[in-house]
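Asker: What follows is each chain in one-letter form.
There are 2 protein chains.
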Amino acid sequence: MTTSQLVQEIKKKKSFLCIGLDVDLNKIPEHLLKEEDPIFEFNKAIVDATHHLCVAYKPNTAFYEAYGLKGWSALEKTINYINKNYPELFTIADAKRGDIGNTSTMYAKAFFEDLAFDSVTVAPYMGKDSVEPFLTFKDKHTILLALTSNQGAFDFQTKNAEGKELYKQVLETSKTWNNAQNLMYVVGATKAEFLADIRQIIPDSFLLVPGVGAQGGNLQDVCKYGMNDSVGLLINSSRGIIYASKETDFAKAAASKASELQVEMAQILG
Amino acid sequence: MTTSQLVQEIKKKKSFLCIGLDVDLNKIPEHLLKEEDPIFEFNKAIVDATHHLCVAYKPNTAFYEAYGLKGWSALEKTINYINKNYPELFTIADAKRGDIGNTSTMYAKAFFEDLAFDSVTVAPYMGKDSVEPFLTFKDKHTILLALTSNQGAFDFQTKNAEGKELYKQVLETSKTWNNAQNLMYVVGATKAEFLADIRQIIPDSFLLVPGVGAQGGNLQDVCKYGMNDSVGLLINSSRGIIYASKETDFAKAAASKASELQVEMAQILG
Numbered sequence: 001m002t003t004s005q006l007v008q009e010i011k012k013k014k015s016f017l018c019i020g021l022d023v024d025l026n027k028i029p030e031h032l033l034k035e036e037d038p039i040f041e042f043n044k045a046i047v048d049a050t051h052h053l054c055v056a057y058k059p060n061t062a063f064y065e066a067y068g069l070k071g072w073s074a075l076e077k078t079i080n081y082i083n084k085n086y087p088e089l090f091t092i093a094d095a096k097r098g099d100i101g102n103t104s105t106m107y108a109k110a111f112f113e114d115l116a117f118d119s120v121t122v123a124p125y126m127g128k129d130s131v132e133p134f135l136t137f138k139d140k141h142t143i144l145l146a147l148t149s150n151q152g153a154f155d156f157q158t159k160n161a162e163g164k165e166l167y168k169q170v171l172e173t174s175k176t177w178n179n180a181q182n183l184m185y186v187v188g189a190t191k192a193e194f195l196a197d198i199r200q201i202i203p204d205s206f207l208l209v210p211g212v213g214a215q216g217g218n219l220q221d222v223c224k225y226g227m228n229d230s231v232g233l234l235i236n237s238s239r240g241i242i243y244a245s246k247e248t249d250f251a252k253a254a255a256s257k258a259s260e261l262q263v264e265m266a267q268i269l270g
Numbered sequence: 001m002t003t004s005q006l007v008q009e010i011k012k013k014k015s016f017l018c019i020g021l022d023v024d025l026n027k028i029p030e031h032l033l034k035e036e037d038p039i040f041e042f043n044k045a046i047v048d049a050t051h052h053l054c055v056a057y058k059p060n061t062a063f064y065e066a067y068g069l070k071g072w073s074a075l076e077k078t079i080n081y082i083n084k085n086y087p088e089l090f091t092i093a094d095a096k097r098g099d100i101g102n103t104s105t106m107y108a109k110a111f112f113e114d115l116a117f118d119s120v121t122v123a124p125y126m127g128k129d130s131v132e133p134f135l136t137f138k139d140k141h142t143i144l145l146a147l148t149s150n151q152g153a154f155d156f157q158t159k160n161a162e163g164k165e166l167y168k169q170v171l172e173t174s175k176t177w178n179n180a181q182n183l184m185y186v187v188g189a190t191k192a193e194f195l196a197d198i199r200q201i202i203p204d205s206f207l208l209v210p211g212v213g214a215q216g217g218n219l220q221d222v223c224k225y226g227m228n229d230s231v232g233l234l235i236n237s238s239r240g241i242i243y244a245s246k247e248t249d250f251a252k253a254a255a256s257k258a259s260e261l262q263v264e265m266a267q268i269l270g
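Protein sequence lines correspond, in order, to chains A and B.
Here the first sequence is numbered in full-length UniProt numbering, starting from 1 and rising by one per residue.
Here the second sequence is numbered in full-length UniProt numbering, starting from 1 and rising by one per residue.
Hints are computed from structural coordinates only; laboratory data are not their basis.
Now the in silico label distances, taken between C-beta atoms and shown as ranges: (1) L69/B <-> S4/A: 31 to 37 Å; (2) V263/A <-> Y86/B: 54 to 60 Å; (3) A196/A <-> D37/B: 49 to 55 Å; (4) T136/A <-> L69/B: 23 to 29 Å; (5) N179/B <-> S256/A: 37 to 43 Å.
All C-beta atoms, glycine included, are put in the ideal place defined by N, C-alpha and C.
Generate the whole structure from the sequences, applying the supplied hints.
Answerer: Next up, the structure:
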């Protein structure tokens with residue numbers, strides 16, 4: 001998917017909501033556990049109930065890998081289901097990968113070709129040659145970790161590294177990489193006040209913003225400091241939406257929570 | 001596996017060799033492609049031919065994920081085969097994971113419980129709460145990226161961050177985390193001269209050292225600067241060993257290459 005297709009979808013739906021599909025078998029409704037593939041059945045129901053309210057889905061790979069082969073199979077079925085039934089949705093493999101060049105190429109193949117996601121999250125620690133292999137894929141997007149939503153972000157990301165915080169070094173340096181136009185960035189909603197500075201460095205890039213909801217981030221603040229002329233934001237909510245109910249009405253309850261955010265977003269978009 | 005069991009095995013075999021199982025279907029012998037699971041058959045043959053020469057195996061997860069479900073299945077069969085037949089071998093999931101706390105717990109379950117690896121590589125960018133969930137597992141080891149073997153290591157890892165290079169900040173800070181005794185570190189062989197400084201900060205920790213062989217690192221230099229009283233090194237070679245031949249003699253050729261390194265290591269151990 002191209003960035004302009006994503007922007008078009010945002011304007012059409014008046015939503016820049018991304019729903020995180022972080023499926024934990026201990027948290028989903030009990031009646032689904034009888035199904036052959038509870039994870040996929042859960043995702044399918046959530047997607048069918050919410051696709052008109054959001055523009056992106058973001059399965060976090062950890063939650064699938066934890067269930068081994070069955071988990072990976074559920075991930076594959078989930079992305080195939082979304083791509084087949086809702087091809088207008090932007091898909092994010094939240095995988096936080098990154099390795100030496102020939103290895104990053106294999107990760108890129110895994111998520112862009114084998115699983116056909118539109119984008120993947122990547123960690124910047126190993127530098128240019130660990131990220132550029134992802135950037136060579138046409139109409140695919142690499143979402144680089146810049147300033148994450150957790151407390152540990154203050155351990156290294158905000159350290160002053162030769163005149164500016166490390167996450168700003170990451171933003172500035174990554175702009176010089178080959179095919180940098182395929183970069184987006186992760187910036188946590190819990191650090192909304194940093195967004196004004198971040199927009200100075202990358203005014204045009206899309207930001208994936210986790211941390212609204214369960215982690216305590218505020219939507220209004222994120223939009224105030226982070227929105228640009230093309231919206232430029234994907235606000236993710238995972239637990240706050242998908243675990244709204246543990247009963248048979250779980251999909252409806254998720255849609256209701258998603259709708260609350262979508263209404264708020266429509267107001268902001270004006 | 002405990003660290004002292006690993007040290008015992010190193011002394012018994014006079015080897016601190018780790019063999020990287022980075023299986024690329026374009027590089028393995030053609031006759032294996034007829035097998036139902038070529039990746040597993042390749043690994044099985046390599047492991048059977050080399051297990052007496054090395055102390056660890058390190059599958060890189062990217063090479064398995066790139067083949068989707070079949071790849072993940074081959075990874076599962078490989079770790080199960082090693083654990084069943086050669087339980088004395090230390091196993092490393094080279095996965096370079098790391099995410100917010102509840103997600104890192106899921107990754108830890110994936111690699112320590114579902115796949116039963118002894119260790120996993122983890123990226124430090126997201127800080128303490130992204131790494132500590134891995135450290136809570138008893139007799140499991142978390143191998144934190146410090147200074148990697150690639151050129152991109154100089155983009156951020158060697159930046160001066162408040163008085164010292166970022167990778168040194170990572171080493172020092174990580175020593176203060178809960179269950180830090182379960183940490184090991186990745187330090188690339190291509191930067192052997194940095195090892196003297198690194199040993200000042202973490203004299204006792206095991207180091208996983210990639211980059212000998214295909215990437216140009218030198219074994220003698222690594223040992224000169226990096227070895228401690230308990231050896232404290234796992235030297236990884238992947239492509240230089242497993243792709244020594246593309247013919248039917250590939251396993252024998254791999255053993256021959258592994259033996260060259262083991263002989264050199266035995267001499268160093270004295």
